[in-house]
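Keeping the supplied structure of chain W fixed, place chain E upon it in accordance with the hints.
There are 2 protein chains.
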Amino acid sequence: MGRIYERTSAFFGVKTDLETLTKDLLSGDRRALARAISVVENGGPQATQLVKRVYAQSGRAHLIGVTGSPGVGKSTLVDALITQMREANLKVGVLAIDPSSPFTGGAILGDRIRMQAHTLDKSVFIRSMANRGHSGGIAMGTYDAVRMLEASGYDVVIIETVGVGQSELAIAQAADTTILVLMPGSGDDVQAIKSGIMEIGDIFVVNKGDLPGANKTATDITASLELASFQTDWRPPVITCISETGENVDQIWEAAKNHREFLETSGQLKERRKLKVQAELSEIVAGMARDNLKAALANSGETKEVVGQVVEREVDPHTAAEQLAKTLFGGV
Amino acid sequence: MGRIYERTSAFFGVKTDLETLTKDLLSGDRRALARAISVVENGGPQATQLVKRVYAQSGRAHLIGVTGSPGVGKSTLVDALITQMREANLKVGVLAIDPSSPFTGGAILGDRIRMQAHTLDKSVFIRSMANRGHSGGIAMGTYDAVRMLEASGYDVVIIETVGVGQSELAIAQAADTTILVLMPGSGDDVQAIKSGIMEIGDIFVVNKGDLPGANKTATDITASLELASFQTDWRPPVITCISETGENVDQIWEAAKNHREFLETSGQLKERRKLKVQAELSEIVAGMARDNLKAALANSGETKEVVGQVVEREVDPHTAAEQLAKTLFGGV
Chain W
249 MGRIYERTSA FFGVKTDLET LTKDLLSGDR RALARAISVV ENGGPQATQL
299 VKRVYAQSGR AHLIGVTGSP GVGKSTLVDA LITQMREANL KVGVLAIDPS
349 SPFTGGAILG DRIRMQAHTL DKSVFIRSMA NRGHSGGIAM GTYDAVRMLE
399 ASGYDVVIIE TVGVGQSELA IAQAADTTIL VLMPGSGDDV QAIKSGIMEI
449 GDIFVVNKGD LPGANKTATD ITASLELASF QTDWRPPVIT CISETGENVD
499 QIWEAAKNHR EFLETSGQLK ERRKLKVQAE LSEIVAGMAR DNLKAALANS
549 GETKEVVGQV VEREVDPHTA AEQLAKTLFG GV
Chain E
249 MGRIYERTSA FFGVKTDLET LTKDLLSGDR RALARAISVV ENGGPQATQL
299 VKRVYAQSGR AHLIGVTGSP GVGKSTLVDA LITQMREANL KVGVLAIDPS
349 SPFTGGAILG DRIRMQAHTL DKSVFIRSMA NRGHSGGIAM GTYDAVRMLE
399 ASGYDVVIIE TVGVGQSELA IAQAADTTIL VLMPGSGDDV QAIKSGIMEI
449 GDIFVVNKGD LPGANKTATD ITASLELASF QTDWRPPVIT CISETGENVD
499 QIWEAAKNHR EFLETSGQLK ERRKLKVQAE LSEIVAGMAR DNLKAALANS
549 GETKEVVGQV VEREVDPHTA AEQLAKTLFG GV
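Top to bottom, those sequences are chains W and E.
Here the first sequence stands for residues 249 to 580, where the numbers follow the numbering used here.
Here the second sequence stands for residues 249 to 580, where the numbers follow the numbering used here.
Source of the hints: derived by calculation from the structure; they are not laboratory data.
Be aware that one or more of the hints could be misleading.
Given that identical chains are not distinguished, each listed pair holds provided it fits within a single copy or across any two copies.
[Unchecked claim] Derived BS3-like pairs (lysine-lysine); straight-line CA-CA distance at most 25 Å: (1) Lys370 to Lys518; (2) Lys574 to Lys542; (3) Lys464 to Lys300; (4) Lys300 to Lys339; (5) Lys505 to Lys524; (6) Lys300 to Lys518; (7) Lys542 to Lys518; (8) Lys271 to Lys300; (9) Lys518 to Lys552; (10) Lys552 to Lys522; (11) Lys300 to Lys552.
Remember, it's a predicted structure, so these values are computed and weren't measured experimentally.
Isolated chain W, as found in the complex (with noise of 0.2 Å):
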């Protein structure tokens, strides 16, 4: 417990620590678990590696998703959640997904302000992930964080993003239950459902419910919902709720089993799954394809031709690029 994985790796060499860093991850420890994000998150072989290890563990968590604009609670009601899970003794792991910011190179809301009740909880494990712009770095990276607490032994993963950008709404899908979280007078945000945009949203949560017209947006959401189709039979309840004092709460944690079992039930997990693992595959090979075309950028004299003659204007950067295709893959 409590190794240092560094200083293993130094003496040992690479393969030893993964060893023993998945060995310690399995068991669940904390530390092994914090360092196995890092890995993951950083990417490059040894996170591949290492995710190729424990893969075969992961995949038994129920993935939430939190989603929603700016300010309208969403970490207050994580952290009630949260209270809700622990309840029933399910071991929590939350992965806050923050828009970095080029300004702090990093995870901008940060950790500490978030979800302090549950820092002594040890069944309790949070962290900040920044969004590294880079779309294949988001999904992989968050993809493979799941999996590392799902190894660890964790029975619910929360998935919490800022609704601000299409990249966030792409790890919302990545869970398998969604939760659409709005306030009082959100009128854009239920504008956005009545023009079907937000079909991701399984459950929709009017949160601060003790503002005023709270009621008028739950409405207004149901109104919007009775008139939209649904691709499956899960109807998404709309729940209002005031996180800073639980209130209904238990409801949401309730409806988000609901929504589970449905899913199980139904076919739908196994199918939702799949569209995962193909979006999935398809960001590791466009990696792949980027980082071919890196080696072969430094490496192969014709490829620095071609991207002179783009530069020169005399190819068009798409003509170039099937060109390079060709020789980078034989052919697309």
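Only chain E this time, still in chain W's reference frame:
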């Protein structure tokens, strides 16, 4: 002038439509420009064809990136800069990259509140572009929109981005000259400069120079820059201005012209554009790989089987992707 391209397309087919569009675009027709930007924003084969047709006519404008944290007054500064450029009788294009929200499905800041002073000036073209979340999409759409403006005869193209998320940073890096906007008291931003993250700024602007602390902020930045190491001989100036009144904005425009001249005489312009081409080719090639896999997922039984194995946890995603890449590209 003022053709309705959707209609001509229906009558004469896509090829004729693109020919007409290209001709009108090159003649400087505003409606053709608006349509051309929509075409490249939407991507796909039509976008590729259009870029191929006008690529030789692009690459002429001075690309100025304006970035900074939300609330520092980037739009007001851009407005004031346009006034300067118009006094020099230059045609100015502005691409305002908005973080798109899944809740509105598009640009959340919108043209409506932007740069109203110049809406009647036919030599100013302002366009909000949604940041599509997809890293390839962002970069490629922006690169291609710049080309449409260049082909249409614009002398300066301002790319305005919100400094949240490294995808916006990537767009700022697509510019020749990057203006980093701060305001008095942005201690976090200055801290970031100190830690060396903000080496991308070619010109530093302390906006809202009438607020308390403006001098201190400017002094802090200058002090940090003195300690920094630079890769070229350009030393970024620090300029305090008041965009609202236009005070000192002429100095910023002067600095931008000086920077562009420096880039040209030092050979840096070609170097920067080469890096940009490499980044763009990388995104196009990654997109091709993604499309390839998508086609295989739809048509190849073998590929579908691999996905099934990953879903069943028999094979991990990285091993599967390596396998697929071999089939798709003949070995990666």
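>> Need the list of violated hint numbers for this structure, in ascending order.
In response: Hints 1, 3 not satisfied by this model.
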